[in-house]
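Asks: One-letter residues, chain by chain:
There are 2 protein chains.
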Amino acid sequence: VDEFALIRRVVDALGSRAQGRWVKLGPGDDSAIIDQTPGCQAVASIDTLVAGVHFPADLAAADVGYRALMVALSDLAAMAATPRYVLVALTLPEPDGQWVAELAQGMANAAQRCDTYVCGGNFARGQLSITVSVHGEIPVGQALTRAGALAGDYILVSGALGGAAACVRLQEFDFAKTLSACQLSYLKPQARFDLLKPMRKYAHAAIDVSDGLSKDLEHLCNTSLVQARLVSAEIPLTEGATLADALTGGDDYEILCTAGHLIPGFTCIGQIAPGSGVYLDGEPLDTRGYNHFGT
Amino acid sequence: VDEFALIRRVVDALGSRAQGRWVKLGPGDDSAIIDQTPGCQAVASIDTLVAGVHFPADLAAADVGYRALMVALSDLAAMAATPRYVLVALTLPEPDGQWVAELAQGMANAAQRCDTYVCGGNFARGQLSITVSVHGEIPVGQALTRAGALAGDYILVSGALGGAAACVRLQEFDFAKTLSACQLSYLKPQARFDLLKPMRKYAHAAIDVSDGLSKDLEHLCNTSLVQARLVSAEIPLTEGATLADALTGGDDYEILCTAGHLIPGFTCIGQIAPGSGVYLDGEPLDTRGYNHFGT
Numbered sequence: 001v002d003e004f005a006l007i008r009r010v011v012d013a014l015g016s017r018a019q020g021r022w023v024k025l026g027p028g029d030d031s032a033i034i035d036q037t038p039g040c041q042a043v044a045s046i047d048t049l050v051a052g053v054h055f056p057a058d059l060a061a062a063d064v065g066y067r068a069l070m071v072a073l074s075d076l077a078a079m080a081a082t083p084r085y086v087l088v089a090l091t092l093p094e095p096d097g098q099w100v101a102e103l104a105q106g107m108a109n110a111a112q113r114c115d116t117y118v119c120g121g122n123f124a125r126g127q128l129s130i131t132v133s134v135h136g137e138i139p140v141g142q143a144l145t146r147a148g149a150l151a152g153d154y155i156l157v158s159g160a161l162g163g164a165a166a167c168v169r170l171q172e173f174d175f176a177k178t179l180s181a182c183q184l185s186y187l188k189p190q191a192r193f194d195l196l197k198p199m200r201k202y203a204h205a206a207i208d209v210s211d212g213l214s215k216d217l218e219h220l221c222n223t224s225l226v227q228a229r230l231v232s233a234e235i236p237l238t239e240g241a242t243l244a245d246a247l248t249g250g251d252d253y254e255i256l257c258t259a260g261h262l263i264p265g266f267t268c269i270g271q272i273a274p275g276s277g278v279y280l281d282g283e284p285l286d287t288r289g290y291n292h293f294g295t
Numbered sequence: 001v002d003e004f005a006l007i008r009r010v011v012d013a014l015g016s017r018a019q020g021r022w023v024k025l026g027p028g029d030d031s032a033i034i035d036q037t038p039g040c041q042a043v044a045s046i047d048t049l050v051a052g053v054h055f056p057a058d059l060a061a062a063d064v065g066y067r068a069l070m071v072a073l074s075d076l077a078a079m080a081a082t083p084r085y086v087l088v089a090l091t092l093p094e095p096d097g098q099w100v101a102e103l104a105q106g107m108a109n110a111a112q113r114c115d116t117y118v119c120g121g122n123f124a125r126g127q128l129s130i131t132v133s134v135h136g137e138i139p140v141g142q143a144l145t146r147a148g149a150l151a152g153d154y155i156l157v158s159g160a161l162g163g164a165a166a167c168v169r170l171q172e173f174d175f176a177k178t179l180s181a182c183q184l185s186y187l188k189p190q191a192r193f194d195l196l197k198p199m200r201k202y203a204h205a206a207i208d209v210s211d212g213l214s215k216d217l218e219h220l221c222n223t224s225l226v227q228a229r230l231v232s233a234e235i236p237l238t239e240g241a242t243l244a245d246a247l248t249g250g251d252d253y254e255i256l257c258t259a260g261h262l263i264p265g266f267t268c269i270g271q272i273a274p275g276s277g278v279y280l281d282g283e284p285l286d287t288r289g290y291n292h293f294g295t
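Just so you know, the sequences run in chain order A and B.
Each residue of the first sequence is one higher than the one before, counting from 1 in my numbering.
Each residue of the second sequence is one higher than the one before, counting from 1 in my numbering.
Source of the hints: derived by calculation from the structure; they are not laboratory data.
It should be emphasised that the depicted structure is a prediction, and the values quoted were computed from it without experimental measurement.
Be aware that a few hints might be false.
Just so you know, same-sequence chains aren't split out, so a pair can sit in one copy or run between any two.
Taking lysine to any residue pairs in the SDA-like style, the calculated list, with each CA pair at most 25 Å apart, reads [what the hints assert, rightly or not]:
#	residue 1	residue 2
1	201	99
2	24	123
3	24	139
4	201	184
5	24	150
6	24	222
7	188	98
8	188	229
9	24	37
10	24	225
11	188	282
12	24	201
13	201	282
Please construct the entire structure, taking both the sequences and the accompanying hints into account.
Replies: Encoded structure:
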């Protein structure tokens, strides 16, 4: 197997998700070529998943591919950006054509769900890891950031939390049988591009829940220079997950935002106040979450 | 050292190269925000350098950072695109703040030279590797690809070839003393954005020399459905490099293009003809070059 045979297998597996509509030139040349939308800004992020660190080394290739793409794309949803294209850098110890084709199939599935394209990539030899660079667009000035939350805002979260963390905590990595709600959260996260319209219309600040609710809310509060007051009873939990899973576990990829109004599709879990820090039922919250190099 | 302390060191070291002008929001949020230029398309590529494979594991961090950025940016120059922004995903075994700061300093140096920005990134724990996603712009329809070379075109190359390969072949990795021409080629490659204007005006097809002249020319010929006829005596060699270094060694990051006219800044090394394959002085050329998974 040489590099060019691998590229052919990936492009075959990506099918219509390698090139089309705004992607004028997909994989195969030095760079891809993508149309830009007048009146829009680019929104961009990059994320790496390392085997044995961010996913079990024996996870099915299609699941790894799906998850790698969705996890990265969630950073675009957090800014309320529409996905446009994705680049993938794959580092793998051996050129396993079948594994790579299945990985690309999982990526195509995620790209299809988010209506985006995997238009370029790179192979290198080394420890198994997948880096995904994601690129979206948004009308000028409409991107949501972690700044902008105002005292009095509602704290809103999409979907239910804690499922992926519970799956990891319980080591429920036998995905052969019918999947539990927690396994689904871990295996099939969904970047919330379905919520872009109401987010752009109503939200003042946003972040995706990747490091755990308490940590991500702390990021948002630190950037916005405000205080968060959570009500534990209001935090929606995935079936099988605990409040601790939701607060300190990561990997939910739901949207956490603040707004002056309630937003359909979101649950209100507290309120923003003047000050700093994150409080739960009136008590200061330990905001330890996932830290890639923490002790 | 935690992840956020590392990010602060990187952002400090990047200085004015983290955000500015068209980069409206740099590192620190879920995504970066970048202005797009009306009438332009996006051009994008991704590249990974693995320690011990693509660079000596003990290469100085600043040199690794410089090289990683330039090597990736060269794929934009190959399309005649103007660089706009870069994302960096760093996988490293230990959170060494000093090493990371020096890496970022080298990246800032390369970004400065190419007038671009490192506006986002990611840290993960694993085998040392650097993935760089590069993003440029070009007026709609003006991107050069590997397709488009015409029979009768001149084959043109910028600069001199073989230096980086000679440096690797001779294992000249003691960079303490005054650098030889070959060491400079290896250590301080320069993506040829200085040639964008004449490339856009005259070139029919282009590629950067990363896998070796013969292999890269073969890519171009295969995509353009033409034959290349090289004249060995015309191939400009870096002082200390052999013709074999130029033909089969990689890592030069000069521009190889074809055009109906000679172009200032380029040396004519042969001509395009009808047919297929790459010929040197009338003989078919073995087009083995760098193949990431080849035998």
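Asks: For every hint, state whether the structure bears it out.
Replies: Against the structure, the hints:
In this assembly of identical chains, residue 201 and residue 99 lie within 25 Å of each other by CA distance neither inside one copy nor across copies; the values are 42 Å within and 43 Å between. Taking the shortest Cα distances, residue 24 and residue 123 sit within 25 Å of each other inside one copy (22 Å), while across copies they are farther apart (31 Å). In this assembly of identical chains, the alpha carbons of residue 24 and residue 139 lie at most 25 Å apart whether taken from the same copy (21 Å) or from different copies (14 Å). Proximity of residue 201 to residue 184 under the C-alpha cut-off of 25 Å is found in neither arrangement, the shortest distances being 30 Å within a copy and 53 Å between copies.
For the homomeric pair residue 24 and residue 150, the shortest alpha-carbon distance between copies (22 Å) is at most 25 Å, but the shortest distance inside one copy (42 Å) is not. Within a single copy, residue 24 and residue 222 get their C-alpha atoms only as close as 41 Å, which misses the 25 Å cut-off; across copies the closest is 20 Å, which meets it. Taking the shortest alpha-carbon separations for residue 188 and residue 98, only the intra-copy value of 22 Å comes in at or below 25 Å, while the best inter-copy value is 38 Å. Proximity of residue 188 to residue 229 under the C-alpha cut-off of 25 Å is found in neither arrangement, the shortest distances being 30 Å within a copy and 52 Å between copies.
In this assembly of identical chains, residue 24 and residue 37 lie within 25 Å of each other by CA distance both inside one copy and across copies; the values are 13 Å within and 17 Å between. Taking identical chains as interchangeable, the C-alpha atoms of residue 24 and residue 225 lie at most 25 Å apart only when they sit on different chains, with a minimum of 20 Å there against 43 Å within one chain. In this assembly of identical chains, residue 188 and residue 282 lie within 25 Å of each other by CA distance neither inside one copy nor across copies; the values are 34 Å within and 57 Å between. Taking CA atoms no more than 25 Å apart as the test, residue 24 paired with residue 201 passes between copies only; the shortest distance there is 21 Å, against 31 Å inside one copy.
Taking identical chains as interchangeable, the C-alpha atoms of residue 201 and residue 282 are never at most 25 Å apart, the minima being 30 Å within one chain and 67 Å between chains.
In this structure, the hints that do not hold are numbers 1, 4, 8, 11 and 13, in rising order.
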